[in-house]
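Quick mapping for you: the protein sequence lines, in order, are chains P and S. Reading the first sequence from the start, the letters are residues 148 to 353 in this note's numbering. Reading the second sequence from the start, the letters are residues 148 to 353 in this note's numbering.
If you're looking for bench data, these hints aren't it; they were derived computationally from the structure. Incorrect hints may have been included.
Since copy identity is lost for identical chains, a pair holds within one copy or between any two.
List time: in silico SDA-like cross-link candidates among lysine to any residue, alpha-carbon distance up to 25 Å [said to hold, decoys possible]:
| id | residue 1 | residue 2 |
| --- | --- | --- |
| 1 | Lys185 | Arg237 |
| 2 | Lys285 | Asp227 |
| 3 | Lys185 | His268 |
| 4 | Lys182 | Pro166 |
| 5 | Lys203 | Glu310 |
| 6 | Lys170 | Val214 |
| 7 | Lys182 | Asn157 |
Each chain, letter by letter, is given below.
2 protein chains.
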Amino acid sequence: MEFSSKLLENAVYEMSQLPGIGKRTALRLVLHLLKQPKEQSERLSNAIQVLRNDIKFCTSCHNISDVALCEICANPKRDDSLVCVVEDIRDVMAIENTGQYKGLYHVLGGKISPMEGIGPHDLTIVSLVEKVKREEIKELIFALSSTMEGDTTNFYIYKQLEEVSIKTSTIARGIAVGDELEYADEITLGRSIMNRIPFENSIKAL
Amino acid sequence: MEFSSKLLENAVYEMSQLPGIGKRTALRLVLHLLKQPKEQSERLSNAIQVLRNDIKFCTSCHNISDVALCEICANPKRDDSLVCVVEDIRDVMAIENTGQYKGLYHVLGGKISPMEGIGPHDLTIVSLVEKVKREEIKELIFALSSTMEGDTTNFYIYKQLEEVSIKTSTIARGIAVGDELEYADEITLGRSIMNRIPFENSIKAL
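Generate the whole structure from the sequences, applying the supplied hints.
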C-alpha cells in the first residue's frame, strides 16, 4: 500500500498492530476518525494512554481494578473460602454474568505455553500458591480453557499444591444446555457420559 | 457488560465507537494493548492524535497529504488535462495501484446522500467546478461507486458543468476479467453488452 501521507501511513501502521486488524481495516478505521469531530480522536487517544499508564491490578486476585483491592475481593458477602482460577478478566466477567458464583477469583494472566514463550513465572501462580498456603481457602476451582495449555497450567498448579490439603475441582465439561447430542463432538460427549451426575442434582438446578 | 475498572470501561467504550468494532472486540483489543509493552500503546495513541491534529489536505485535489500540494498534483509528469473524480483516498490508492492512469484526481470526500445528511456543500464539488472553469482540463472521469448516491453525485456535478465545454466520462462497468458470464448479475451483464467496445481496442489492452 502506497500512502500519500506519512502521518496517515504511521497511524494505519500502528492501528494494524492490533490483533485481527489488517492494513485495509486499519485504513478504514483511521479514515473514519478523520471524518469524525476532532474530540472523538482525542478521547480515544487519551483513553488508551490513561489506561496504559494508570492501570492497576488487584493485589489479591490480580484482576484489573482502579483500587488496590478489587470490588469482588473487597465484598464481605463473597465466600472467601472458594477461589476460581481463570485466565483473564473476560472469564471473570463471563462467570459474574451467570450470577451463580459467590466465591472469589484468581486471574493468572494467561496459560503456560512454551510455544509462545510463556512460563509459570510469567503468570501469577506463585502469588496463588502463597495465597492458598496463607489463607483459609477450602476449594480451588480450575476454570481455564480445555486446551493443551490450559490442562498443563491446571496440572502445574495442582503439583505445586500437593503438600497443601486443599480440595481442587474443574468446571464441568459437557453438552451445552439446549444442544442436540448428535451434533456434539466425541470428546465432549464422552466426557459428559463419564462425568454424569445424579439425576436429583440436575433437578435441583432447575 | 460489567467492568471492574472505570479506566478499562472508558477505553473499551471509545474503541467500540470505531465502525465494525463491537464491545467484545474492543475489549479484546484493549486487553491486547495491556499485555504489550507500554510503548505500543503510546505509539498508537500518539499516531492518532498527531494525525488528527496535523493532517493536511492537498489544496488542489483534496487528497490527504503532508504538504500543501500532494505528490500527484505536484508531479510534472502527470497529465493535468485529465481529472478523475473519486470518493476518498482509498479510491486514489486503488487506481494508483493499477499503474494505468497518469492524470490527476479530485477527491470529493464522500457522495451526496440525503439519508446520511450529506449535501453537495459537504463535499468538494464547488472547488471542482471552479477548478474546471479556471484550468485547462479536457476530460473529467467519474469513478464513484455505482450506487444511487454515486449516480446522484455524478449527475449533480454534470449539471453544474453544463455551460462549460468539457468531456465527461465514467469508468467502464462490465464483467470482471476472468469472471464467468453465467455468474454475472443481469445489470452488469446488460451494461457490458450495451457498452461493448470495438474488438481492436480490447486487443490493444493486452
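We went through each hint and held it up to the structure:
1. Lys185 to Arg237: between (31 Å within a copy, 21 Å between copies)
2. Lys285 to Asp227: Answer is within: at 9 Å inside a copy they meet the 25 Å cutoff, but 80 Å across does not.
3. Lys185 to His268: between (43 Å within a copy, 20 Å between copies)
4. Lys182 to Pro166: both (24 Å within a copy, 12 Å between copies)
5. Lys203 to Glu310: Neither: 32 Å inside a chain and 66 Å across chains, both beyond 25 Å.
6. Lys170 to Val214: between (37 Å within a copy, 23 Å between copies)
7. Lys182 to Asn157: both (18 Å within a copy, 22 Å between copies)
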